[in-house]
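The primary structure of each chain is shown beneath.
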Amino acid sequence: METKTKQEKLKATGSTLRISGAEAVIRCLLAEDANLIYGYPGGAIMPIYDEIYKFQDQLHHVLTRHEQGATHAAQGFARTSGKVGVALATSGPGATNLVTGIADAQIDSTPMVCITGQVASHLLGSDAFQETDIIGISTPVTKWNYQITKASEIPEIMAKAFYIARSGRPGPVLIDITKDAQFEMFDFTYNKCTGIRSYQPYPELINESLEEAVRLIGEAKKPFVVWGQGVVLGQAEEEFKTFLETSGIPAAWTILGLSALPTGHPSNRGMVGMHGNYAPNLLTNECDLLIAIGMRFDDRVTGDLNTYAKQAKVIHLELDPAEVNKNVKADVTLLCDCKISLQALNDKISTKTYPEWIKRFDDLDVIEKEKVIYGDLNPTKPGLTMGESVEMINKHSNGDAVIVTDVGQHQMVACRYAKFTQSKSNVTSGGLGTMGFALPAAIGAKMGAPSREVVAIIGDGGYQMTIQELGTIFQQQVAVKIVILNNDFLGMVRQWQQLFFDKRYASTEMTNPDFVTIAKGYHIDAARVDKREDLDQAVANMMASDKPYFLEICVEKEDNVFPMIPTGASVSDIRLE
Amino acid sequence: MELKTYTISVYSENNIGLLNRISAIFLKRHINLESFSTSESEIPDVFRFVIVVNIAPDKVHKIVQQIEKQIDVIKAYYHTDEETIFQENALYKIRSSYLFEERQIQNIIKSSHATIVTVSPEFFVIEKTGFREETEKLRQELAPYGLLQFVRSGRISVTKAKMGISEILNTFKK
Numbered sequence: 013m014e015t016k017t018k019q020e021k022l023k024a025t026g027s028t029l030r031i032s033g034a035e036a037v038i039r040c041l042l043a044e045d046a047n048l049i050y051g052y053p054g055g056a057i058m059p060i061y062d063e064i065y066k067f068q069d070q071l072h073h074v075l076t077r078h079e080q081g082a083t084h085a086a087q088g089f090a091r092t093s094g095k096v097g098v099a100l101a102t103s104g105p106g107a108t109n110l111v112t113g114i115a116d117a118q119i120d121s122t123p124m125v126c127i128t129g130q131v132a133s134h135l136l137g138s139d140a141f142q143e144t145d146i147i148g149i150s151t152p153v154t155k156w157n158y159q160i161t162k163a164s165e166i167p168e169i170m171a172k173a174f175y176i177a178r179s180g181r182p183g184p185v186l187i188d189i190t191k192d193a194q195f196e197m198f199d200f201t202y203n204k205c206t207g208i209r210s211y212q213p214y215p216e217l218i219n220e221s222l223e224e225a226v227r228l229i230g231e232a233k234k235p236f237v238v239w240g241q242g243v244v245l246g247q248a249e250e251e252f253k254t255f256l257e258t259s260g261i262p263a264a265w266t267i268l269g270l271s272a273l274p275t276g277h278p279s280n281r282g283m284v285g286m287h288g289n290y291a292p293n294l295l296t297n298e299c300d301l302l303i304a305i306g307m308r309f310d311d312r313v314t315g316d317l318n319t320y321a322k323q324a325k326v327i328h329l330e331l332d333p334a335e336v337n338k339n340v341k342a343d344v345t346l347l348c349d350c351k352i353s354l355q356a357l358n359d360k361i362s363t364k365t366y367p368e369w370i371k372r373f374d375d376l377d378v379i380e381k382e383k384v385i386y387g388d389l390n391p392t393k394p395g396l397t398m399g400e401s402v403e404m405i406n407k408h409s410n411g412d413a414v415i416v417t418d419v420g421q422h423q424m425v426a427c428r429y430a431k432f433t434q435s436k437s438n439v440t441s442g443g444l445g446t447m448g449f450a451l452p453a454a455i456g457a458k459m460g461a462p463s464r465e466v467v468a469i470i471g472d473g474g475y476q477m478t479i480q481e482l483g484t485i486f487q488q489q490v491a492v493k494i495v496i497l498n499n500d501f502l503g504m505v506r507q508w509q510q511l512f513f514d515k516r517y518a519s520t521e522m523t524n525p526d527f528v529t530i531a532k533g534y535h536i537d538a539a540r541v542d543k544r545e546d547l548d549q550a551v552a553n554m555m556a557s558d559k560p561y562f563l564e565i566c567v568e569k570e571d572n573v574f575p576m577i578p579t580g581a582s583v584s585d586i587r588l589e
Numbered sequence: 429m430e431l432k433t434y435t436i437s438v439y440s441e442n443n444i445g446l447l448n449r450i451s452a453i454f455l456k457r458h459i460n461l462e463s464f465s466t467s468e469s470e471i472p473d474v475f476r477f478v479i480v481v482n483i484a485p486d487k488v489h490k491i492v493q494q495i496e497k498q499i500d501v502i503k504a505y506y507h508t509d510e511e512t513i514f515q516e517n518a519l520y521k522i523r524s525s526y527l528f529e530e531r532q533i534q535n536i537i538k539s540s541h542a543t544i545v546t547v548s549p550e551f552f553v554i555e556k557t558g559f560r561e562e563t564e565k566l567r568q569e570l571a572p573y574g575l576l577q578f579v580r581s582g583r584i585s586v587t588k589a590k591m592g593i594s595e596i597l598n599t600f601k602k
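Top to bottom, those sequences are chains A and B.
Taking the numbering used here, the leading residue of the first sequence gets 13, the next gets one more, and so forth.
Taking the numbering used here, the leading residue of the second sequence gets 429, the next gets one more, and so forth.
Think of the hints as simulated: they come from the structure by calculation, not from any bench.
Glycine residues also receive a C-beta, built at the ideal position from the N, C-alpha and C atoms.
Worth double-checking, as some hints may not be accurate.
As the list claims (entries may be wrong) - From the structure, some residues in chain B lie toward chain A, with a derived Cβ separation under 10 Å:
| no. | residue |
| --- | --- |
| 1 | Ile453 |
| 2 | Leu455 |
| 3 | Lys497 |
| 4 | Ile499 |
The task is simple: from the sequences and hints, build the whole structure.
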């Protein structure tokens, strides 16, 4: 295989070192600026852990309480820092425990390098103790993976791993290293990878397509932008904002696009998709030009594709060729990093306004406010709502916090109501919908953005899937704020059972433990609130703490999240109640 | 939607696991393969997969995009039968006594333009290269004589149009 490389001078030693494969792995990590890693030791990766011990002044290893936690923490780190997250695990069960996080990173385009130990190469295929075919298992959910059986392969493969994980559309890479390769001594030099001949991560913008896009934008009477995480991954927030402000086009976000544009920005018209806002969903089917930026038309965004934006011309700004015309046929594709394509558009478009079209959004917003939002945020019933809880966090964070969410009702409510002023502030499991994501992801999110307030908002169900990571938070003293919105139910499934399964609540009610006691068992300051009059102070106390803090908010048991587009229905069929 | 036969050509690096990666793309979409063959290509160190699949026309493009997305894949194409020159190869193993006792067998071999690869006291082996219909016709004609073994290769194919892999690789070198 042919790769392009850049010679990196080894700072400490000159050019060549005779070292073990295990030490080489550490030196590769340091050369890639990965000095914070998450993992869990075990037999087949012990040589690397021995080097972690020796390099502990340069490399901070965070011992999670489960390998899944290591991947989610690496994801959280990547999402707030923009760097590659790194997770380490041993062979066999250590490796298989990574799979959920890898699949999550793959579908949400998160740059991550996972390193697994493997049994010695002479034992491969012998069903040795803790042997598993992690290459085979991880193939469908990795951007790339590779098994190293010789130490001499380590520098080139590690360089490729980081290059592949972070370039183009980012994603997870898994490197499996046999134990004998970790022990083997070899002459180490490190060259950063700058290109791979079979991989072109940055397609060049085609001028004719750009001209055509400019023409469509110029002709549109009712243009509409839907943006996704591509804006964040492409570091195109400024270009995007300029595009919206110049073009005057209203815009809505997919769940992973949230926070790329401040929630209070006048062009920001809310969320599209299953639990998105009323106006952007309905008007998807009224616009005459749909400009999709760094998003992939996920089914939770589009609902029924046969009735999705059929009246509109579509311009798709996308980096991944495989996403072009995958779900929605685009009239014009700008296949390019959106930082470049947005800048190119900004150079050519003229300032415009669409007062009548914008008024359609305003009018529908009024309906949603009356029917849904007002009741969520100003409830009259005795029990607390998820909406008012999130609103209280907004009040005390001023929209400056990183909000990490899990999956379910609390996630939808948090994404609907959380206020954001900065990009890279919304960390959630979007594509895979991984319950258990938030608590470990919050650890990584805080370590990736240590100066920022990080609030994890989690349901009582998902929290218990990775609750053991409280141990990591305690040991590392990661000052995250953990908010459990506890309705003693798997709320989203219960909502579906209520709406689509005649209220047969099969296995969704939870008998929960005393969460406050559990947190205190980990020496984490903890409180519970179940009365409206106490909520303000409880959140204030949490935000005032400079240590890890746990707050359980007991909310209404059987509240539903609206608006809602039932699975397979059209975005036009959005329900407000 | 009606299914159509497509030949997918994949130019790739020769790395362990790539076969798995490509087959996983079909597995994920519940698509069965008609045939699969791999060999060196005209370019040193570049391998070529030839995959035949019956698939709806709107799906084949997406599949090829997913294949091409794999890091070790240099380029992937798809073509209809009309756009390619393709052949399959079949071997037929028959008891030797028939070759001498049944005159009809010799006629079949002659008329089908098959060749005899080997003859031993116990068995003889016939080879036939051609389209699926031709190797299949020969199989049916020989069946009454008790085929001891029959095997047919996957399709190999070259395209009528140029695929330009060398140009892609030269661009990278710059």
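Verification of the supplied hints:
no., hint, in the structure
1, Ile453, "holds (8 Å)"
2, Leu455, "holds (8 Å)"
3, Lys497, "holds (5 Å)"
4, Ile499, "holds (4 Å)"
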